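Protein chains: 2
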Amino acid sequence: MLPKSLQDAIDALGTLPGVGPRTAERYAYYLFRSDEKITKSLIDGLSGLHSGVKFCPVTFALIDSSENLSPLYADPNRDKTTILVVEEPLDIFALEQTKSYKGTYHVLGGAISPIDGITPDQLHIKELLERIKKDQVKEVIIATNPSVEGESTALLLQKMIGELSLPDLKVTRLARGLPLGVDLSYADQITLSAALENRTDL
Amino acid sequence: MLPKSLQDAIDALGTLPGVGPRTAERYAYYLFRSDEKITKSLIDGLSGLHSGVKFCPVTFALIDSSENLSPLYADPNRDKTTILVVEEPLDIFALEQTKSYKGTYHVLGGAISPIDGITPDQLHIKELLERIKKDQVKEVIIATNPSVEGESTALLLQKMIGELSLPDLKVTRLARGLPLGVDLSYADQITLSAALENRTDL
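Residue numbers (the working numbering), protein chains in the order written: chain A, 920 to 1121; chain B, 920 to 1121.
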């Protein structure tokens, strides 16, 4: 029914996550109607993705293929004795934008999820435990997502780090409380309980 | 902050309509985590888009570059004396899927919108009027969108077709009424009025 090249473009765009046939049609038709340069720059932008990006072998952050280590980990101004543990590499980007953290990161590569077949040994936990010993870490901040999977992962990490029996090591996690701009009456019970329990002095 | 190749891919994907930085990040990271083949097939799928697709010079539907006319218009089984007028080429696809129309189509290429600078002479109205005369058309079905722009365009078409003074030519438009699966109480007033006015015998 549709011209083959258009159908090919729609099928290709439909492989993006969360993009259904109608959205893929809209993307493809937009590209077709726009200047050919836009399609060309999209193709160019994608073509270096696999060859130009890799995981840092220590922190598992995303780095340029030309680098050996995450520039953030290699930076002497960052405190290597504090590790903030996140599920995914892009979480680092969100945290760095706050400009309020001066330690280093460790990417787990997901969270435990029996339903998706993600077991603890598929996450970079072993490497985290090694880093804790090697870098004489003083604090591990667990910043997994506030989901069932993230919470299970946080509990497991707490247990495994505890088994290292390092008396000077502190394990913390990000505070729970009201996010900015959310009306009190819309907050869920668990968030509200946490906000009440962890209330701060004014 | 992010590896250059990843940032390039995010920027490139961010040019798609309605895709903000977070969605572009998600797309790019998904492609990076997936097999390189998926990125490659996305690139391949996009690369033929501009060279492989063009507009039919008569109906302005999208056709293969190798074709001279829309295969639907060239099909002797389709009734050329009935023209269904739509705003965009992909509207044809939606209507064809109903399998209940045997006439031909004409794509206007948009709707009149002074705010977006789309004037009547930018639409393929002149070509429609020529087709009406040339193909001895008996019915024009106006299927512009039920928006302010679509309604204005429909009114203008009605006026311009009327000025052809062809006594045997019928001008109709798609019925207004309740869409399937929508609760009566959620329908807007204009739709409800139209559904009541155009009620059908049971």
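Errors might be hidden in some of the hints.
Just so you know, same-sequence chains aren't split out, so a pair can sit in one copy or run between any two.
[As the list claims (entries may be wrong)] Subject to a maximum C-alpha distance of 27 Å in a straight line, what follows is the list of computed DSS-like cross-link-like pairs (lysine-lysine):
# : residue 1 : residue 2
1 : Lys-999   : Lys-959
2 : Lys-956   : Lys-1021
3 : Lys-1021  : Lys-923
4 : Lys-973   : Lys-1053
5 : Lys-973   : Lys-923
In short, the hints are calculated from the structure, not lab data. These numbers come from a predicted model, not from an experiment.
27 Å Cα threshold - placement of Lys-1021 relative to Lys-956:
Answer is neither; intra-copy 41 Å and inter-copy 38 Å both fail.
With 27 Å as the alpha-carbon cut-off, assign the pair Lys-1021 and Lys-923 to within, between, both or neither.
between (52 Å within a copy, 22 Å between copies)
One pair to classify: Lys-973 and Lys-1053, alpha carbons no more than 27 Å apart. Within, between, both, or neither?
within (23 Å within a copy, 62 Å between copies)
Within, between, both or neither: Lys-973, Lys-923 at alpha-carbon 27 Å:
between (35 Å within a copy, 11 Å between copies)
Go through the copies and call it for Lys-999 and Lys-959: within, between, both or neither, with a Cα cutoff of 27 Å.
neither (42 Å within a copy, 38 Å between copies)
Violation of the numbered hints given earlier is confined to hints 1, 2; the remaining hints are satisfied by the structure.
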